[in-house]
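Novice: Listed here are the chains, written in short residue letters.
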Amino acid sequence: MLNPADLDTLLLTFKVASIATTLMLLLGTPLAWWLARTRSAWKGLINAVVALPLVLPPTVLGFYLLVLMGPAGAIGQFTSWLGLGTLPFTFAGLVVASVLYSIPFVVQPLQAAFTTIGELPLEAAATLRASPLDTFFSVVMPLAKPGFLTAAILGFTHTVGEFGVVLMIGGNIPNRTRVVSVQIYNHVEAMEYSSAHSLAGILLVFSFAVLLVLYTVLKTQPVAHQLK
Amino acid sequence: MTKPITARFQLDYGDFQLAVDLSLPGSGVTVLFGHSGSGKTTLLRCIAGLQQALQGYLDINGTIWQDSERNVFLPTHKRSLGYVFQEANLFPHLTVAGNLQFGLKRIASHSKTADLQHILELLGIDHLLKRKPDQLSGGERQRVAIARALALNPEVLLMDEPLASLDFKRKQEILPFISRLHQELNIPVLYVTHSQQEVAQLADHLVILADGRALASGPLSETLSRLDVPLAQDREAASVWPVTIVEHETDYHLTRVAFAGGILSLPTVDAVIGTPLRVQIYARDVSIALEAPTATSILNVLPAIITGLADDKGGQSVVRVQVGGLALLVHITRKSALLLNLQIGMAVYVQIKGTSILN
Numbered sequence: 001m002l003n004p005a006d007l008d009t010l011l012l013t014f015k016v017a018s019i020a021t022t023l024m025l026l027l028g029t030p031l032a033w034w035l036a037r038t039r040s041a042w043k044g045l046i047n048a049v050v051a052l053p054l055v056l057p058p059t060v061l062g063f064y065l066l067v068l069m070g071p072a073g074a075i076g077q078f079t080s081w082l083g084l085g086t087l088p089f090t091f092a093g094l095v096v097a098s099v100l101y102s103i104p105f106v107v108q109p110l111q112a113a114f115t116t117i118g119e120l121p122l123e124a125a126a127t128l129r130a131s132p133l134d135t136f137f138s139v140v141m142p143l144a145k146p147g148f149l150t151a152a153i154l155g156f157t158h159t160v161g162e163f164g165v166v167l168m169i170g171g172n173i174p175n176r177t178r179v180v181s182v183q184i185y186n187h188v189e190a191m192e193y194s195s196a197h198s199l200a201g202i203l204l205v206f207s208f209a210v211l212l213v214l215y216t217v218l219k220t221q222p223v224a225h226q227l228k
Numbered sequence: 001m002t003k004p005i006t007a008r009f010q011l012d013y014g015d016f017q018l019a020v021d022l023s024l025p026g027s028g029v030t031v032l033f034g035h036s037g038s039g040k041t042t043l044l045r046c047i048a049g050l051q052q053a054l055q056g057y058l059d060i061n062g063t064i065w066q067d068s069e070r071n072v073f074l075p076t077h078k079r080s081l082g083y084v085f086q087e088a089n090l091f092p093h094l095t096v097a098g099n100l101q102f103g104l105k106r107i108a109s110h111s112k113t114a115d116l117q118h119i120l121e122l123l124g125i126d127h128l129l130k131r132k133p134d135q136l137s138g139g140e141r142q143r144v145a146i147a148r149a150l151a152l153n154p155e156v157l158l159m160d161e162p163l164a165s166l167d168f169k170r171k172q173e174i175l176p177f178i179s180r181l182h183q184e185l186n187i188p189v190l191y192v193t194h195s196q197q198e199v200a201q202l203a204d205h206l207v208i209l210a211d212g213r214a215l216a217s218g219p220l221s222e223t224l225s226r227l228d229v230p231l232a233q234d235r236e237a238a239s240v241w242p243v244t245i246v247e248h249e250t251d252y253h254l255t256r257v258a259f260a261g262g263i264l265s266l267p268t269v270d271a272v273i274g275t276p277l278r279v280q281i282y283a284r285d286v287s288i289a290l291e292a293p294t295a296t297s298i299l300n301v302l303p304a305i306i307t308g309l310a311d312d313k314g315g316q317s318v319v320r321v322q323v324g325g326l327a328l329l330v331h332i333t334r335k336s337a338l339l340l341n342l343q344i345g346m347a348v349y350v351q352i353k354g355t356s357i358l359n
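These protein sequences, in sequence, are chains E and S.
Take 1 as the starting number for the first sequence in the numbering used here and just add one per residue.
Take 1 as the starting number for the second sequence in the numbering used here and just add one per residue.
Hints in this document: simulated from the structure, not taken from any laboratory.
Cβ atoms here follow ideal geometry from the backbone N, Cα and C, with glycine treated the same way.
Be aware that one or more of the hints could be misleading.
To be verified - Examples of chain S residues lying across from chain E (beta carbon under 10 Å, computed):
| # | residue |
| --- | --- |
| 1 | THR41 |
| 2 | ARG45 |
| 3 | PHE73 |
| 4 | SER80 |
| 5 | VAL84 |
| 6 | LEU94 |
| 7 | PHE102 |
| 8 | ARG148 |
| 9 | LEU152 |
| 10 | LYS171 |
| 11 | ARG180 |
| 12 | PRO293 |
| 13 | ALA295 |
Claimed, not checked - Output of the computed footprint for chain S on chain E, the stretches with three or more beta carbons under 8 Å from beta carbons of chain S:
| # | stretch |
| --- | --- |
| 14 | 127-134 |
| 15 | 170-183 |
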């Protein structure tokens, strides 16, 4: 039912989403921790920047990334100077774009989880000789486990579903930047509805199953609620 | 006598200022007493390092925990303390055993830890080790929290209104444990409360705080009988006397106890001769006579010397008398004080209508 090209796009999509999710958790955790605890005047600004991809059309985000990461852009000149070339139309560029596009789906559940934990367990840990870093790993992480699971699942699925940003900066290069959502579009353009059906069906079942786990097993609040 | 705890803090939050300079004993229970907003919890948090007073000096048994002049501020996790929060504040993701082990895993292996089994038995929680905090009652949770703090054998145990969130029954269940702690473990306890009952029951040393200042600091009986603190005027004002059981009068259901300077008769106390007790005597339960009453139903009539007199804003006078070696507060009407022409130095008799045993 799936031809090899379709299978490649599926594998590529999951590869991008896995790497992007790992990066988002690594970057998003300290960022969410800072946002949850800071009294800095910068908090509002950073919150707004993090939430921007939620409301921005993906093509707008993709457009700016294309310009910034291109040969004339600031990021492009930096990556060229590092000897890495430019990022648009590469797998690495796709990962970078995915991280920026999906990061609010990781940061916001984590931030909510950290805020819910509050000061008291941290103070208890301090009176029991745990340093702040120790406290983060031994108290905060276990207590925020549902937040981490929600963040990982939402970050991953949202990355799997991206389309506009990929089109703008990734194009449609087989085995490098051609992800499932783009491939479905290709099939439809070519009137190959049965192939489109297979891929679309896989994504539908996958997304539904993941959300079902999220809301039944993990008993997470609906996304709209989380993002408030 | 040198005092092993020196605490000086100055802190300004705009609408609240804390300014204290205290020397506290290195053993027994020191109660920090005050109404809400008096700064008692802030003071305790400054001692724990959970809050940092910009100007502060804190010496615990010779170890400097804070000296702002020399830029010394030991973070909380490096201070040898135990802290019991108002709500037990156990880690919900760990079992009782996990909570007890949390601190033990983190102290240097050479440092002396407490006898955990002894603490578990003392607090009556050895059967709860496998439970999670949400499977415990409020009283059990608070007892686990106390054990968790004590397990580290800290230099000082800090308790922030540990009973405030519990109902009367649970309080009565835990108070005896705390009294026993300070008899059996030689760790100084700093105990924050706004309850006069807890003061009477637990304190060896009493610090009275109001508006961020220490109004008085001294041994319990002495401080309770000071006329210059609002406590003496309070309707619940009481004196606390340490006594020892000397005789049981089983026919009358009475127990006779000795104090520094005399004997009291109390309703029967179920304890052996020689047992030390705390007796609370409310100021409103005492009256004064100029001569020894010859015919009275009151058993406890004692000779006393007036050492202090004060009037409140209403029609009440507070009289402080010395009975043998102990001070006693008496509330009488101002009219009575004038009719009897009470003066400092006068020899009188006090009649004690009621007493209560605290432990």
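Novice: Hint by hint, note whether the structure agrees.
Specialist: Against the structure, the hints come out as follows:
Annotation: THR41/S was flagged as interfacial toward chain E, and the flag is violated, the nearest CB pair being 12 Å apart, outside 10 Å. The closest approach between the C-beta of ARG45/S and any C-beta of chain E is roughly 9 Å, which is under the 10 Å cut-off, so the hint is satisfied. Contact between PHE73/S and chain E, as hinted, is not supported at the beta carbon level, the nearest pair being about 13 Å apart and thus beyond 10 Å. A cut of 10 Å between beta carbons decides the hint on SER80/S: the least distance to chain E is about 9 Å, and the hint holds.
At its closest, the beta carbon of VAL84/S sits 9 Å from a beta carbon of chain E; the interface hint therefore holds under the 10 Å criterion. Given the 10 Å rule on beta carbons, the hint for LEU94/S holds: about 8 Å separates it from the nearest Cβ of chain E. Proximity of PHE102/S to chain E holds as hinted, the smallest CB-CB distance being about 5 Å (cut-off 10 Å). The criterion of a C-beta within 10 Å of any C-beta in chain E is met by ARG148/S, whose closest approach is roughly 7 Å, and the hint holds.
Hint on LEU152/S holds. Least Cβ distance to chain E is approximately 7 Å, under the 10 Å limit. For LYS171/S, the interface hint is violated, the least distance from its beta-carbon to any beta-carbon of chain E being 22 Å, above 10 Å. Given hint, ARG180/S at the interface with chain E, is violated; its Cβ is 22 Å from that chain's nearest Cβ, farther than 10 Å. Because the beta carbon of PRO293/S sits about 55 Å from the nearest beta carbon in chain E, more than 10 Å, this interface hint is broken.
At about 60 Å, the closest approach between the beta carbon of ALA295/S and any beta carbon in chain E exceeds 10 Å, and the interface hint on this residue is violated. Counting residues of the stretch 127-134 of chain E whose beta-carbon sits less than 8 Å from any beta-carbon of chain S gives 7, enough to reach three: the coverage restraint holds. Counting residues of the stretch 170-183 of chain E whose beta carbon lies closer than 8 Å to any beta carbon of chain S gives 0, which falls below the threshold of three, so the coverage claim is violated.
In this structure, the earlier hints numbered 1, 3, 10, 11, 12, 13 and 15 are contradicted, and the remaining ones agree with it.
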